[in-house]
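My request is simple: use the sequences and hints to build the entire structure.
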Amino acid sequence: MANLNTEFLGIKSPNPFWLASAPPTDKEYNVVRAFEAGWGGVVWKTVGEDPHVVNVYGPRYSALLNGDRRVIGFNNIELISDRPLQTNLDEIKRVKRAWPDRAMIVSIMVPCEEDSWKKILPRVEDTGCDGIELNFGCPHGMSERGMGASVGQVPEYVEMVARWCKTYTRLPVIVKLTPNITDVRHPARAAKNGGADAVSLINTINSIMGVDLGTMTMVPSVGKQGSHGGYCGTAVKPIALNMVAEIARDMQTAGLPISGIGGISTWRDAAEFIAMGCGTVQVCTAAMVYGFRIIEDLCDGLSNFMDEQGYASVEDMVGRALPSITGWSNLNMNHIEKAVINQDSCIQCGRCHVVCEDTSHQAITATKDGKRHFEINEAECVGCNLCVSICPVPNTITMRTLKPGEIDLRSGKPVPGEYANWTVHPNNPMSSTCAAATV
Amino acid sequence: MQIDSSTPGVHPARLPRAHYEQNFCDSHAALNLAQARIEADRCYYCFEAPCQTACPTGIDIPGFIRRIADDNIRGSAHAILSANPLGGMCARVCPTEVLCEQACVRNAGEEKPVEIGLLQRYATDRFFEMPGAPLFTRAAPTGRKVAVVGAGPAGLACAHGLARLGHAVVLLDANPKPGGLNEYGLATYKTTNGFAQKEVDWLLSIGGIEVRNNTRLGVDVQLDVLVREYDAVFLGLGLAGVNAIGIEEPKAAGLRNAVEFIAELRQARAYAEVPVGRNVVVVGGGMTAVDAAVQSKKLGAETVTMVYRRGAAEMSASGYEQDWAQKNGVHVRHWATPKALLAKNGRITGIEFGYTRADGGSLVETGERFTLDADVVMKAIGQNFVAQPLGSALELRQGRIVTDDEGRTSNAKVWAGGDCRLGGRDLTVEAVEHGKVAARSIHEALGA
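Taken in order, these protein sequences are the chains called A and B.
Residue numbers are given in my numbering: position 73 of the first sequence equals residue 73, and the series is strictly consecutive.
Quick note: to get my numbering, add 1000 to the position in the second sequence (first position is 1).
These are calculated hints, taken from the structure and not from any lab test.
Keep in mind that this is a model prediction, so the values were computed, not measured.
Hints may be right or wrong, so weigh each one.
Okay, the calculated beta carbon distance ranges per label pair [unchecked claim]: (1) B/Met1130 to A/Asn3: 22 to 28 Å; (2) A/Ile72 to B/Met1130: 31 to 37 Å; (3) A/Lys166 to B/Lys1112: 57 to 63 Å; (4) B/Glu1210 to A/His335: 56 to 62 Å; (5) B/Val1402 to A/Asn3: 44 to 50 Å; (6) A/Cys384 to B/Ala1034: 37 to 43 Å; (7) A/Asn3 to B/Pro1141: 24 to 30 Å; (8) B/Pro1141 to A/Glu36: 32 to 38 Å; (9) B/Phe1047 to A/Val56: 56 to 62 Å.
Chain B stretches covered by chain A per the calculated footprint, using a threshold of three residues with CB under 8 Å from any CB of chain A [said to hold, decoys possible]: (10) 1029-1039; (11) 1042-1049; (12) 1054-1067; (13) 1404-1412.
Calculated from the model, a selection of chain A residues having no Cβ within reach of chain B, i.e. all distances over 12 Å [said to hold, decoys possible]: (14) Glu7; (15) Lys12; (16) His52; (17) Arg70; (18) Ser116; (19) Met218; (20) Ala254; (21) Leu256; (22) Trp267; (23) Leu298; (24) Phe305; (25) Leu322; (26) Pro404; (27) Val415; (28) Asn421; (29) Asn428.
Heads up, the beta-carbon is just placed ideally off N, CA and C, and yes, glycines get one too.
Now the structure itself:
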């Protein structure tokens, strides 16, 4: 039985699954239910200074759905905790005492002034929690007040506040990063320079869900008007994965512990984030769509996977996929793939043909000997993987890698055996002057 | 003489060999990967899911379906088999249309429930293809010994539950092979390729269960001896008796019990070796009647008629099963009761029925009669519990063993479950639940 126990910044939890700072971690009632269900830890919904903020009373959320009404993406305009600070602190203390083996992180957002942080940190520390997370990510509501993402987008502020926190608390400090930024490495480096112990990312992405065309009103809207919100859920996972990987690979932040957030719904998603360098993962949307019980499936799936693959602990898996990431100019131009259509399982819908014909390289037939037939023409196929991506039948279109020496019908030449990338390509004007590309 | 469906009398090999393969392959094709993914995606992952509540063994259905979607087959199989160690067989034979699938919330909007039975089969089939490390292990030996009489679903489930808890089990069965009705009573098209035995083998692989076949209670072992020599006894005896049809039965070839025919077919080396009549009449309206009737047709009988004394709504065969019978060319006649069996030269030639109707609550005859030609008449009006091997040891009511919710009988050391027990629905899945609950009850009683 795989060991899911995790230690992140010295904080122990029985599994790497934490709930992210969000509506599911709003109150004692929610958090206790989460712990009863089996979650390894929570990041308490962001607390702030009194008087507390207020939220709109409908709606706060909306979703992007597929045809069978499955949630692909989710959007929220909810703010930080709308309850008095002391109420939150009392509950946090009580819950931590009742659940000592679970990770309790408190998310904090206060004005960008040293005094504000100096005042709140001891009060949070006194709850007995395991660590704090600095919310520099809210893209709505708080950024207009000089907090949230408006801090997260300015590396100097990130570093400054991180340093204050390290000065005024002995608790581990996690800086939560906003994705609404050009290069996430800058605030990550700033967090590290300020002494932060870890970063967590991503927070939500600026979004508008749609337009109600009947009323010509944005969706969601409160009455007749709406405001952009934070996007999350399955749709944002690739964005989050990339940002996590960038930070994990950056020389300045490599080795900095990361807690991964962004569309984690299944054990497989979690394993992927861990493979990209995360020591723990945080979930929100999936819990809001299905309820806390998903923790059973998350743990069971991850545990079976680890047993099957021989990973004794979560730590064994952290960052395992990072060496596979490189800059584009380092990719092997002599690696040639072609698509292959399995005629036994092909249902002849013809989508592969029409998308290749319209939008790619016209490498798939529609007929053969006068009959409806879909086959790859390797003389045109560039191995783009579009057909593989859109084919509705599992394992019907696959890619094959040409062997060294095999003739590539597209170029008419044999596939070279040796590795060669863009940096040495004759078309590259820089090729005579650079050796290996920097990332 | 060339034998075919129209040849009078009772003969094997009425069909070309290849037809048998086709007729007796899986009645419901298993899901492939693509279908399983689409179907798993349809599950809404309900709170306190109605399907789970409807399942007699309380399988975590949303959980196992989600794990199929998550590519966690081992986890899916574990969710199923920990609640129901015969979950593989149940997936094939359970009347899901009146249990979990009937409760599925997707019936409301689309009249199409999630295909829970087929998904359960998908998960267990995939798991059994590559089981990997054992799913269940035995707890430390408790030093206690339990005798389980009857290696059908109730007894197997009880034995497995006890073994998991560390008790030693001796599993006795009158037949040459374990499995009970799963092995001897189910229609072949419901479970092919020796699945019943494979499932039993997997279940027994937990260890600690000693199987003794060809051992009959009341003949080879006595109940009072078992009670003396073991710390507890579980009885999963099933229904060994067949109800008589209530009219004079001539000593003639061609008159038989439907369950015997079904067992003979299940154990036959080849379908072509099993004799079947040209005209077959099955008296009865339950699943046994349907299985006997449909399989007679699949063996090549020219006409097969099922006759039930009341109407379609009163038949204990589900609507689904009745459709299945008709789809397979069985004529189903209602509101008729057997009056006389006709025989000539020691062979059955026909059976006479009297029309019936409902008069208030009772069934009355109208006075009109009809006769059906028959080379074979099968009795399928229900089985009954044969209490004789128990002597007078246990309290019975309505011919079955009286127990409490945990399966405890009137004897403090004896538990009972499955069809032999009073008050159940005579379902495989319910027998499993009885066995499971009894194992836990025995464990608590033994104070181990």
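Results for each hint:
| no. | hint | in the structure |
| --- | --- | --- |
| 1 | B/Met1130 to A/Asn3: 22 to 28 Å | holds (24 Å) |
| 2 | A/Ile72 to B/Met1130: 31 to 37 Å | holds (32 Å) |
| 3 | A/Lys166 to B/Lys1112: 57 to 63 Å | holds (58 Å) |
| 4 | B/Glu1210 to A/His335: 56 to 62 Å | holds (59 Å) |
| 5 | B/Val1402 to A/Asn3: 44 to 50 Å | holds (49 Å) |
| 6 | A/Cys384 to B/Ala1034: 37 to 43 Å | violated (24 Å) |
| 7 | A/Asn3 to B/Pro1141: 24 to 30 Å | holds (27 Å) |
| 8 | B/Pro1141 to A/Glu36: 32 to 38 Å | holds (34 Å) |
| 9 | B/Phe1047 to A/Val56: 56 to 62 Å | violated (27 Å) |
| 10 | 1029-1039 | holds (count 3) |
| 11 | 1042-1049 | holds (count 3) |
| 12 | 1054-1067 | holds (count 3) |
| 13 | 1404-1412 | violated (count 0) |
| 14 | Glu7 | holds (25 Å) |
| 15 | Lys12 | holds (25 Å) |
| 16 | His52 | holds (31 Å) |
| 17 | Arg70 | violated (7 Å) |
| 18 | Ser116 | holds (41 Å) |
| 19 | Met218 | holds (29 Å) |
| 20 | Ala254 | holds (31 Å) |
| 21 | Leu256 | holds (30 Å) |
| 22 | Trp267 | violated (6 Å) |
| 23 | Leu298 | violated (9 Å) |
| 24 | Phe305 | violated (8 Å) |
| 25 | Leu322 | holds (23 Å) |
| 26 | Pro404 | holds (33 Å) |
| 27 | Val415 | holds (32 Å) |
| 28 | Asn421 | holds (34 Å) |
| 29 | Asn428 | holds (41 Å) |
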